[in-house]
Amino acid sequence: MSDMYGGSLAGASILVIDDEPGMRNFLTKILETRCKRVAQAASPAEATAQLDQAHFDLIILDNIMPGKTGLDWVTEQRRLGLFADTILITAYADLETAITALRAGVSDFVLKPFRANQILNAVSRTLDRKNLRRDNRLLRHELSADGTRGTLLGASPALAEVRAMLHKLAPLPTPVLFTGATGTGKEIAARTLHQLSDRAEKPFVAVNCAAIAPERIAQELFGLVEDSEQRNAGLFLLAEGGTLFLDEVAQMPEALQVALLRVLEDQRIRPVGGERDIPLNIRICFATNDDLSKAVEEGRFRADLFHRINVMNITMPLLQDRSEDIVELAAHFTTHFSQVLGMPALNLDDETLLKLRRYDWPGNVRELRNLIERSVILGEFPEEFQGSGATTGVQAIESLDLVMQRHILHVLDQCDGNRAEAARRLGVSRKTVDRKCAAWGE
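My numbering applies: residue 268 is where the sequence shown begins, and numbers increase by one.
Everything labelled a hint here was simulated from the structure, so no lab data went into it.
Backbone N, C-alpha and C fix where the C-beta goes; we use that ideal spot for every residue, glycine too.
A portion of the hints provided could be inaccurate.
As the list claims (entries may be wrong) - The following label-pair restraints were derived from C-beta to C-beta distances: (1) A431 x D571: 26 to 34 Å; (2) Q385 x E313: 22 to 30 Å; (3) E634 x A431: 25 to 33 Å; (4) M579 x K698: 16 to 24 Å; (5) D571 x K435: 24 to 32 Å; (6) N475 x V525: 14 to 22 Å; (7) D571 x I331: 46 to 54 Å; (8) M579 x E650: 41 to 49 Å; (9) Q606 x R304: 36 to 44 Å; (10) G609 x E313: 54 to 62 Å; (11) D701 x L419: 22 to 30 Å.
What the hints assert, rightly or not - In silico PhoX-like links for lysine-lysine, alpha-carbon gap of 20 Å or less: (12) K469 x K303; (13) K303 x K379; (14) K397 x K469.
Modelling step: build the complete structure from the supplied sequences, incorporating the hints.
Structure representation (structure tokens):
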């Protein structure tokens, strides 16, 4: 439900803790039509049991309850590993209570008696601040990790197969392993899967396991609890509701592989220094350019973890195996870097496009992207890719295909129809030659 209190409420899970049934029902009634989920607890002990079963973004609790005050409970739970924001309902806002609440990480006070709009304003403010902190943290993480953004470009059969599989897997919670050479677009494919799923409105968090020091990676992923005042939510928790993408998984330390296996089995994490497992609702995707089967044989990767993450494997094709996509990719990167850098766009004439398509691109799409960025900065392509300067367009692209067809068929004639030898001379894979010949009816 959309209203004056903003969109933060719509996706929120809230736990209401109060020993008075009337207050619990009142709070539930005004929140349940606006939030994703509202649960109730009549006591601190019941609330503790609820936290063991599900993740909550926000907790609203009364301070004065039989057996234990709300502040005592929050302080205790923070030490165990509670990360949810809290709003305290109290009739007494003295200085001592305020200091204790601040130390316990309470986000807001609501004084009794209160009206519905007061609690809704407090909930909206708290969730907005929570989301802002999360977004800032994720933005800093992406900037430090040089995260890859973009979309899968190209209409080649090889890429069409990848797209079809992404659409099939999007509605499922199944882990996905993306394999393929460096620069083939594994992270972009994972982002596409996320955007196609019902998790698209939640975070996509990418982690390069090889870029984090082994002694720090556990607390970066799972979070850190030092005491009731010092807590640091890990990347797993920041990805709650969304997708966590773990790249370079073959580089994971042994201890982290064990911990990750438990996460996959139980959908729970335990922060470093914490004493409670936190339930999660996330999809985990993995990527590697290593041969994980070989890594298992060599003892570098756990066999049980490999079998757990290798349920669905999407292998990203080499750029040389989808060379027909180079025209679209080159045009996209040229326009993109021209706009971003504020520099003139390069002219993609027929001869340049032909040379780009004939090159084997050992660095795949990433190498093409870097070449065009560098060329836009310098104002020209390297000499080996420079053309005559003829303007390109649809007609030029069509003529380029004809040029390529004539060239490949000429090389095949020279090789007496030996496609493997022709592929070697052309600097492309045998699969590319077979696919081209099939398209031309040869």
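Verification of the hints:
For the pair A431 and D571, the beta carbons lie near 30 Å from each other, so the given range of 26 to 34 Å is met. A hinted range of 22 to 30 Å holds for the C-beta pair Q385 and E313, which are about 25 Å apart. For E634 paired with A431, a C-beta distance near 26 Å keeps the hint of 25 to 33 Å intact. Separated by about 23 Å at the C-beta atoms, M579 and K698 satisfy the suggested range of 16 to 24 Å.
With their beta carbons about 26 Å apart, D571 and K435 fall inside the hinted range of 24 to 32 Å. For the hinted restraint 14 to 22 Å between N475 and V525, the CB-CB distance of approximately 20 Å keeps it satisfied. Evaluation of the 46 to 54 Å hint for D571 and I331 yields a pass: the beta carbon distance comes to about 49 Å. In this structure, M579 and E650 meet the distance hint of 41 to 49 Å, their C-beta atoms being roughly 44 Å apart.
Distance hint check: the CB atoms of Q606 and R304 are about 42 Å apart, consistent with the given range 36 to 44 Å. The hinted range of 54 to 62 Å is satisfied by G609 and E313, whose Cβ atoms lie roughly 60 Å apart. The hint said 22 to 30 Å for the Cβ distance between D701 and L419, and at roughly 23 Å that hint holds. The suggested pairing of K469 with K303 holds, with an alpha-carbon distance near 13 Å, which does not exceed 20 Å.
Proposed proximity of K303 and K379 is contradicted: the alpha carbons are some 26 Å apart, above 20 Å. Between K397 and K469 the alpha-carbon distance is near 14 Å, which keeps this suggested pair within the 20 Å criterion.
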